[in-house]
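Undergrad: Top line first, the protein sequences correspond to chains A and B. Residue 139 in my numbering sits at position 117 of the first sequence; the count goes up by one each step and never skips. Residue 406 in my numbering sits at position 384 of the second sequence; the count goes up by one each step and never skips.
Do not take every clue at face value.
Intra- or inter-copy, both count: the list cannot distinguish identical chains.
[To be verified] With a straight-line Cα cutoff of 20 Å, these simulated DMTMM-like cross-link-like pairs (lysine to aspartate or glutamate) come out:
1) Lys124 to Glu187
2) Lys110 to Asp225
3) Lys416 to Glu299
4) Lys124 to Glu112
5) Lys150 to Glu195
To be clear, the hints were calculated from the coordinates, so they are not data collected in a lab.
2 protein chains.
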Amino acid sequence: MDAIDKYNINLLGVDEQQRRLEKVKEQMRAAGISHALVRNNVNIYYLTGRVFRGFIYVSTDIEAPYYFVREPNHLVSDHHAPDSHIRKPEEIPALLAAKGLKNDSPIGLELDTITYSEARRLAACFGKEPSANISPCLRGARAVKTAAEIEKLRCDGKKQSLVYERIPHCFREGMTDVEFQIEIERASRLEGCLGQFRVAGSDMELFMGNVLTGHNADTPSPYDFAMGGEGLDASLPVGACGEIIRENMPVMVDVNGNYNGYMTDMTRMYIQGEPSENALQVLALSSDICRTLAGMMRPGAKACDLYNKASQMAADAGMADFFMGHRSHAGFVGHGVGIEVNELPVIAPRSRDILAAGNVIALEPKFVVPGLGAIGIENTYVVAAEGEPEVLTKASEQFIRLD
Amino acid sequence: MDAIDKYNINLLGVDEQQRRLEKVKEQMRAAGISHALVRNNVNIYYLTGRVFRGFIYVSTDIEAPYYFVREPNHLVSDHHAPDSHIRKPEEIPALLAAKGLKNDSPIGLELDTITYSEARRLAACFGKEPSANISPCLRGARAVKTAAEIEKLRCDGKKQSLVYERIPHCFREGMTDVEFQIEIERASRLEGCLGQFRVAGSDMELFMGNVLTGHNADTPSPYDFAMGGEGLDASLPVGACGEIIRENMPVMVDVNGNYNGYMTDMTRMYIQGEPSENALQVLALSSDICRTLAGMMRPGAKACDLYNKASQMAADAGMADFFMGHRSHAGFVGHGVGIEVNELPVIAPRSRDILAAGNVIALEPKFVVPGLGAIGIENTYVVAAEGEPEVLTKASEQFIRLD
Numbered sequence: 023m024d025a026i027d028k029y030n031i032n033l034l035g036v037d038e039q040q041r042r043l044e045k046v047k048e049q050m051r052a053a054g055i056s057h058a059l060v061r062n063n064v065n066i067y068y069l070t071g072r073v074f075r076g077f078i079y080v081s082t083d084i085e086a087p088y089y090f091v092r093e094p095n096h097l098v099s100d101h102h103a104p105d106s107h108i109r110k111p112e113e114i115p116a117l118l119a120a121k122g123l124k125n126d127s128p129i130g131l132e133l134d135t136i137t138y139s140e141a142r143r144l145a146a147c148f149g150k151e152p153s154a155n156i157s158p159c160l161r162g163a164r165a166v167k168t169a170a171e172i173e174k175l176r177c178d179g180k181k182q183s184l185v186y187e188r189i190p191h192c193f194r195e196g197m198t199d200v201e202f203q204i205e206i207e208r209a210s211r212l213e214g215c216l217g218q219f220r221v222a223g224s225d226m227e228l229f230m231g232n233v234l235t236g237h238n239a240d241t242p243s244p245y246d247f248a249m250g251g252e253g254l255d256a257s258l259p260v261g262a263c264g265e266i267i268r269e270n271m272p273v274m275v276d277v278n279g280n281y282n283g284y285m286t287d288m289t290r291m292y293i294q295g296e297p298s299e300n301a302l303q304v305l306a307l308s309s310d311i312c313r314t315l316a317g318m319m320r321p322g323a324k325a326c327d328l329y330n331k332a333s334q335m336a337a338d339a340g341m342a343d344f345f346m347g348h349r350s351h352a353g354f355v356g357h358g359v360g361i362e363v364n365e366l367p368v369i370a371p372r373s374r375d376i377l378a379a380g381n382v383i384a385l386e387p388k389f390v391v392p393g394l395g396a397i398g399i400e401n402t403y404v405v406a407a408e409g410e411p412e413v414l415t416k417a418s419e420q421f422i423r424l425d
Numbered sequence: 023m024d025a026i027d028k029y030n031i032n033l034l035g036v037d038e039q040q041r042r043l044e045k046v047k048e049q050m051r052a053a054g055i056s057h058a059l060v061r062n063n064v065n066i067y068y069l070t071g072r073v074f075r076g077f078i079y080v081s082t083d084i085e086a087p088y089y090f091v092r093e094p095n096h097l098v099s100d101h102h103a104p105d106s107h108i109r110k111p112e113e114i115p116a117l118l119a120a121k122g123l124k125n126d127s128p129i130g131l132e133l134d135t136i137t138y139s140e141a142r143r144l145a146a147c148f149g150k151e152p153s154a155n156i157s158p159c160l161r162g163a164r165a166v167k168t169a170a171e172i173e174k175l176r177c178d179g180k181k182q183s184l185v186y187e188r189i190p191h192c193f194r195e196g197m198t199d200v201e202f203q204i205e206i207e208r209a210s211r212l213e214g215c216l217g218q219f220r221v222a223g224s225d226m227e228l229f230m231g232n233v234l235t236g237h238n239a240d241t242p243s244p245y246d247f248a249m250g251g252e253g254l255d256a257s258l259p260v261g262a263c264g265e266i267i268r269e270n271m272p273v274m275v276d277v278n279g280n281y282n283g284y285m286t287d288m289t290r291m292y293i294q295g296e297p298s299e300n301a302l303q304v305l306a307l308s309s310d311i312c313r314t315l316a317g318m319m320r321p322g323a324k325a326c327d328l329y330n331k332a333s334q335m336a337a338d339a340g341m342a343d344f345f346m347g348h349r350s351h352a353g354f355v356g357h358g359v360g361i362e363v364n365e366l367p368v369i370a371p372r373s374r375d376i377l378a379a380g381n382v383i384a385l386e387p388k389f390v391v392p393g394l395g396a397i398g399i400e401n402t403y404v405v406a407a408e409g410e411p412e413v414l415t416k417a418s419e420q421f422i423r424l425d
């Protein structure tokens, strides 16, 4: 355990780190990968509780990880451990050999997230081609949260729920969707929101959240989020577009819940004036789907069954054409959340994911109805070992009045 | 030119798109790459003026590009061009063949930015291994901005300068650095800032900007930015940390300049009360380095010569230990900016970049001095064909009073 004790890198505590490492190693063993270099920020954060630039060496043969830190180098140099401060990854194999660690099998790399050029370079350090992909191992491990992770998410949920309570105070008559969003961003940031929105996939971009009203909700976006919107500029075509918030027109608010490195995901509906009967029915359907799916969230449940149930409920209500979009439809009704906003499991028709206790899942059965805009709620749930899931995002699921 | 005229994808205008494409093709010819698939958001935006999910096929043998759009599919389906709507990249080779395009040489891919898994998948569509890297071609083409791009950057500079003029109104006595930053974020957003901060490199993260005061400036960060800071959380260890802004203590403000898909980069110094003599001298040195380096910004100038001049000026003033950081030093004094905040050229000691007319470069000679914090300014310049570069970021380079 020397690496854990010698340096001060691990902020998780020894037991919590071992719990996470053991989950990763279990996945590595199942994939036939005996050692790996982890370098993505989200995975370094997962395994140490902090972000540093460098690598974590994980082996199924040894208990503790080894750290190879590029920046900030005081993390290791302050502790007189020059062997763990590196300038480039080419130094790693000799440092491992000096520790008596020898392993000729292919080195596991995050092949689904690191670039082609970097994967080749890292594998070449070990005299190999990249062949062992540990991305699925890390994704799989991270899908089942530890108690400490759930506690962080619980804190997020409380803060995000507080911000959502304050949202009516962010509104002034005659505002545009963008102006409203800016005041919500400020309220979130003042509550401690870090702003950074971590999402897997280089082509996923969004700034702080999505506030949608009116016909803008029906503008398809290139991004694989549940909802679209034209955005303010063709360089970032998603979300609020400068549309004035009109009386009796629903407003959907789905903003960033990252308060501590973990994220809850939450959506609520706001309105100045009165919702129409139709809008009330659609929102009740979304809330009903959430409740029904939450009731199905037990260990062993199939993710695809949850999706199909939601889709069936939408169809039964005559709302199939508007479910998860209208001109364009998102292909899922829920997703894991944690360090990133799109973790496992995925609640989608062809998902093979099976729910497990400790999954943290955002459900967002949403509708886009011409004339009404985007309508629906989103909650984040923790799948329990027994019984109902725990809801982390608490606020009225009705239309919340802006006046 | 059918692809350009048949669909409505290209927002740049035919001439502007051809100008950009020609620069990319020139780089491809020099690299021996005859065709390529472009899929990164920043490069798709560069070649069309919009972000979509999909691919742009560029060939040195044909004038126009071909678009293969995944989302939003109405971009192509509204124009009855089903051959350009794809569900997966495996469809592309047959679609190209149907257009009579046949090319057996390795397909160029953005190997420095797409993931290993995706590079393998895309090359396999063409029955190959990934071997032709077009990332340097795109980076090289994008380093020299067109007149239209410079005009967008000029607009950014104006808006960003306006926001910087309003920054004193964001301040209230007793604020923390984070609270001050939140009000600056709001002012920027209300001026039209898109917020999204595009940066090359998956391990570079920052939310909206960096406001530094006091000893926090001397906390090294894992990220390869000019300045560090502890940040609010170990999951995002950079920038403001909640430190109260004290009287007579300099505050450095370096916030997001993305108003239209392009970004200027600008830093100014603020203070409540009076700067010390020492602080005034350090700021004058930063301003002086900017002016001197701007004078050297001519086509044909070596980027490393600019860096060395800055470094020499810092050393001559007895400030070598504090130049570009103190406990940790950034390895550059300037960088290209455009769609991303870290484009070419890089103004660094071992840079081989040669300046060209149309380069847009942010210079940020900054110092971290114990007891004073971070001090320095940053301006964005356009390298002119003849004469002095144009400055895009205009505001007083003195300490700006907060009271």
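Undergrad: A separate judgement is required for each hint: does it hold in the structure or not?
TA: Okay, the hints, checked on the actual structure:
Neither within a single protomer nor between protomers do Lys124 and Glu187 lie at most 20 Å apart by alpha-carbon distance, with minima of 56 Å and 59 Å respectively. Taking identical chains as interchangeable, the C-alpha atoms of Lys110 and Asp225 lie at most 20 Å apart only when they sit on different chains, with a minimum of 15 Å there against 28 Å within one chain. Taking the shortest alpha-carbon separations for Lys416 and Glu299, neither the intra-copy value of 24 Å nor the inter-copy value of 54 Å comes in at or below 20 Å. Taking the shortest alpha-carbon separations for Lys124 and Glu112, only the intra-copy value of 16 Å comes in at or below 20 Å, while the best inter-copy value is 40 Å.
When the C-alpha separation of Lys150 and Glu195 is checked against a cutoff of 20 Å, the pair qualifies neither within a copy, at 63 Å, nor between copies, at 59 Å.
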